[in-house]
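Between the sequences and the hints, there should be enough to build the whole structure, so can you do that?
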Amino acid sequence: MDSMPSIPAGEESPRDWLELPRDVTLTILMKLGVVETLEHAQFVCKLWYKLCKDPSMWTSIELDNMLDLNTSFSNRHEMALNAVDRSCGGLVSFSTKAFATDHLLMYIADRASGLKCLRFACCEFLSGIPNAVKKLPLLEELELTMCWFTEEEIKAVVLACPLIKTFKLNHQGSRDPDFANDNEAFCIAETMPQLHNLQMIGNGLTNSGLEALLNGCPHLESLDLRSCFHIDLSGDLGNRCVERIKSLRCPHDSTDDYMYVSTDEEAILSYNEFCKFM
Amino acid sequence: MSTEERRIVVLRSSDEEIFEVDIDVASESQTIKHSIEDDDSGRVIPVPNVDGHTLAKVIEYCKKHVETPRSDDRDAQDALRAWDTEYMKIDQNTLFELILAANYLNIKGLLDLTCQTVADMIKGKSPEEIRAMFNIKNDFTPQEEEDIRKENQWAFE
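Going down the list, the protein sequences come from chains A and B. Going by our numbering, the first sequence wraps up at 278, each residue one higher than the last. Going by our numbering, the second sequence wraps up at 1157, each residue one higher than the last.
Worth flagging that the hints you see were computed from the coordinates, not collected in a lab. Using N, Cα and C, we set each Cβ at its ideal position, and we do this for glycine too. Worth double-checking, as some hints may not be accurate.
Some chain B residues close to chain A (C-beta under 10 Å, calculated; not the full set) [unchecked claim]: (1) T1031; (2) A1056; (3) I1059; (4) W1083; (5) L1095; (6) A1102; (7) E1129; (8) R1149.
Now the structure itself:
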C-alpha cells in the first residue's frame, strides 16, 4: 500500500486510532518489525511507547534487514541488544540474516534459556555458538543457512541441545564433483536420532550419506534435499525415501522460496565489514 | 426446516440493516459461528457493534475467501492476494471500522489483512508523519521526549 487513504470530507470525523483494543494495536505494531518499532513507532505517543515495551511483542525477534540501516554497526548492535532486553526472558524465537556477533549470542543465551528456535543466515566465524547453545537446552529448531561451521561446532551444538527436532543446514549447492561430501550427513546421522525434520538444501551428500541419515534418524517425517546434486533417488534408496518420509523434497524441485541458490555476495561482504568491528 | 433454508443466516447490523448470508460465509466469523451453534432456530443474529456499511464490506471478504478454494498453485495464491489488495483500497475511517469489526467478529484472515495494511502505512515513516496520518497527538512533555531520547540513544544517531 503506497497511497495514503484520505479521510473523506464532510460530517465524517477522523477516528481515534488510540481507541483500538490493546491487542489489536499490539498486532499492528508486531508487524512492523524490530527496526521500525524501535526507530519510529515507539516515539509516536505514550501509549505506543508503553506497548513497545510489552514483552509479548518481543517473543519472536527477526533481524533480517539490519544491513539496510543507515547507521553505524554499533548502533545496530545496541538496537539488537535492546530488542532482546524487551523480551524480558520470554524470547522464544530468534532469527538473523548476516547480523550476529558472539556478544549478541551470549546476550541471548544468558537471557532466554527457554529459547525454542534459532535461525542464522549468512553468518560465519561465530566461534561462540557452541558455548551459547549450552545455555539453550530447550532448543527445538536450529537453522544454519549459508553459514560455515565446522563439524566440531555442529556436533557441539547438537549435543548441547538434545531436544532439537528440526534442523536446517543449507548451502548454495554445486554440481562440481569436488563438492560431494558426506561429513555433515554422517555427523547428523550419528548425533541426532531424535530428528523429525531435516532440511539440507544444496548439500554435497551422496547416497551413502543419505542412507546413513535414513538409518540414523528413524523419526524423520520431512526431508528437504533440494539442490543436492550428488544423490540419485532413481533406485531403491529413492523408493525408501518416498515410503518413509511424509514430506520429501527432491534435488530438482523448485527452489523459488530459497533465496540463496546464487551466492548472496552482498550479505557476505557486509558481514565481513562488521567482523572487523569484533 | 428444509436443507435449503438452513443454508442462510440473517444478520442485522447496528443500524438495522439486514443481510442474508450463506451459512458458510457467515461462519468465517467465529463469533457468529458460535452464535449459530448455540441457537440454530433461524432467528436473526444481531451484530450490534458493526454498522451496515462495514458489515457489507466484511461479508464481501468472507464470501470471496469461502468461494476461493485453498490451493498450492502460485497463480491462484497471487490472484487472491491481488484481490485482497484491491479490497483494501478504502478510506481510513472504513479501515478503522473494519479492524474493529474483524476483531469483534473474530475473523482471523480479515484481522490479519487489515492490521498488515495499517503496518504497511506506518512503515518507513517518521513519528511525526505517523502522528499526522492517524491524527495522533504527541503527548510527551519536552522533558519526557528528552528522557526517551537518552534511553534510546542509538536510534537517533
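Verification of the hints:
1. T1031: Violated. Min distance 14 Å.
2. A1056: This interface hint is violated because 17 Å lies over the 10 Å limit.
3. I1059: violated (21 Å)
4. W1083: violated (14 Å)
5. L1095: holds (6 Å)
6. A1102: holds (9 Å)
7. E1129: holds (9 Å)
8. R1149: For R1149(B), the interface hint holds, since the closest Cβ of chain A sits about 9 Å away, which is under 10 Å.
Of the numbered hints stated above, those contradicted by the structure are hints 1, 2, 3, 4, listed in ascending order.
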